[in-house]
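Going line by line, the protein sequences match chains A and B. Here this note's numbering is used: the first residue of the first sequence is 1, the next is one more, and so on. Here this note's numbering is used: the first residue of the second sequence is 1001, the next is one more, and so on.
These are calculated hints, taken from the structure and not from any lab test. Note that the structure is predicted; figures quoted are calculated from it, not measured. Take the hints with a grain of salt, since some may be wrong.
[Unchecked claim] If you want the footprint, here are the derived chain B segments under chain A, 3+ residues with CB under 8 Å:
1) 1234-1245
2) 1261-1268
3) 1290-1296
[To be verified] When the alpha-carbon atoms are kept at most 30 Å apart in a straight line, the in silico DSBU-like pairs for lysine-lysine are as follows:
4) A:246 - B:1262
5) A:262 - B:1223
6) B:1246 - A:212
7) B:1262 - A:262
8) A:259 - B:1212
9) B:1262 - A:272
Idealized CB from N, CA, C, for every residue including glycine.
Protein chains: 2
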Amino acid sequence: SLVSSLRYGVFLVARLEDVELRPLGVKDVRVKMLAAPINPSDINMIQGTYAILPDLPAVGGNEGVAQVVEVGHQVKSLKIGDWVIQRDPGLGTWRTEAVLAEDHVISLLNDIPLLSAATVGVNPCTALRMLSDFEDLQPGDSVIQNAANSGVGQAVIQIAAAKGINTINVVRDRPEFPHLSDRLKGIGATYVIKEEALRRPDIEDLFKTCPKPKLALNGVGGKSATELLRHLQTGGSMVTYGGMSKQPVTIPVSALIFKDVKVRGFWITQWKKDHSHDARAFRSMVDELCSLIRQGKLTAPACTEVGLQDYRKALDTAMQPFTSAKQILIM
Amino acid sequence: SLVSSLRYGVFLVARLEDVELRPLGVKDVRVKMLAAPINPSDINMIQGTYAILPDLPAVGGNEGVAQVVEVGHQVKSLKIGDWVIQRDPGLGTWRTEAVLAEDHVISLLNDIPLLSAATVGVNPCTALRMLSDFEDLQPGDSVIQNAANSGVGQAVIQIAAAKGINTINVVRDRPEFPHLSDRLKGIGATYVIKEEALRRPDIEDLFKTCPKPKLALNGVGGKSATELLRHLQTGGSMVTYGGMSKQPVTIPVSALIFKDVKVRGFWITQWKKDHSHDARAFRSMVDELCSLIRQGKLTAPACTEVGLQDYRKALDTAMQPFTSAKQILIM
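Please model the entire structure based on the sequences and the hints provided.
Here it is, written out as structure tokens:
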């Protein structure tokens, strides 16, 4: 059957097309997409600047929630009506329907908000892994991060707060700083500070009450990353997951030799690939996140819902700098 | 008794003074220093630019070999005539005699060359630890390093060669490059290349026969470090132990996120401090190095022997840039 799909190619950047669904195999499910976000990495894929690029033309989107509408004869873990999210990126979520291998999706209970389900698979997963896999963080420890208002940043704040970990959240100065600070504190941020404040000597006062961070999370690069490093505990780690400033990460040699800081990177796509034969790893991560969502401790970022037909407007908005609300395509 | 010691203080940078030895305790040994090198970090300590600085005035030098001339009643591991090296830095080796706690030294068999014994405790230890503690290197694997002609660099070449590990050695261009290249290949270097050659596209030809390095060792910083990173295997580590260029280490965000490179630092002084309650760790490292020395697989770097009285000349020479021979004070 023909389904409406938002494809992109070399000549025409993106257009809505009808594409033929592949026949349902015995271990496949047919799903109806419910909601799929437009993430910055999706834009980079379309622009050809991302680290992995699909063969073109390709269906855009790497995240979203779908509902099972048909199951192959040998499918065991899923039934009609189940909500599912995909385990692996690159399957294309900006479409009305898809046929997917049972192994490539996992089910979610549909007792969480649709927008939370649609956005749980990338940013909250990134945040949880970075908080779990690099330093052994205990309640009372602290984490410093820049880009604190990003999707990952907000998930870090909420997951850390749920674990009793302090967050020192660095944001660029802006006219509505007091409003932003209140909003981030409302979701669990311990401190919200402007980048300039981080450079001032009186920032040391903060560390009279809050332990120096064991972990720094960097989504910006450039000077912002170097500033995070300056406040890290001896032996601590800085993990880079993004480079919004388009500047490299610059590290004083003395920080490496004498402070033993560890400079690492994290990419959820690689993590998923590395764990593609370990279904339980992804399942247990998603279960932990859904449990936080259910308890009200992890909320979806501010979203604007846009019908799939209005994809041009959604893509245009998503490409603006300083976009504050995530664009979510609703099918 | 009064012994001749090369002390340094705030007003007079360095002078030879007679200092009172502390009385021999029951768990102490009195040693006669035989030979002690002038390392770059010793100069930095005198200049006050090192990460750890002793109370002044202090006796200079952090490495060297001594001979036991008197033992306290409860000393068990040492006897008169034994060669010893110190386990911990900061005891001051530029002196004719010293009283040291038994716990602070370990004995060496005196069947290795004096200059090898005098220089085994810092650079070869640094090289061995960096080759052992960051990546699991197997015979046939490769390591890339800059500052390949430094004391650490030469030890890396020799220890790696003894383990069957390929080394790609990067040096600054210089008129005597062919001579230097031959000399480094003579001690086991697999490849010796100029920094400019590392930036040229045809360097990729090298990796048709030699696997991409799992480990990069950086004693320079700046662009040189960034170039090493470019050739690292996905998931590999770069370990910084020095910053001769006085430039920070700059890392593209994509190398961290998509190539999963791990950027670390190493400082042998910290390693010794961290292992100060584990005598076997230092002992087994020194035994491994002495065994390589005995087999002719690890030689001392080019040294100039200078009498302690001629310390001014030795310090002046050690402070020159591009010093090729290590200055060793002979007592």
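Hints versus structure:
no., hint, verdict
1, 1234-1245, "holds (count 4)"
2, 1261-1268, "holds (count 7)"
3, 1290-1296, "violated (count 0)"
4, A:246 - B:1262, "20 Å, holds"
5, A:262 - B:1223, "20 Å, holds"
6, B:1246 - A:212, "27 Å, holds"
7, B:1262 - A:262, "7 Å, holds"
8, A:259 - B:1212, "29 Å, holds"
9, B:1262 - A:272, "19 Å, holds"
Of the numbered hints listed earlier, the single one contradicted by the structure is hint 3.
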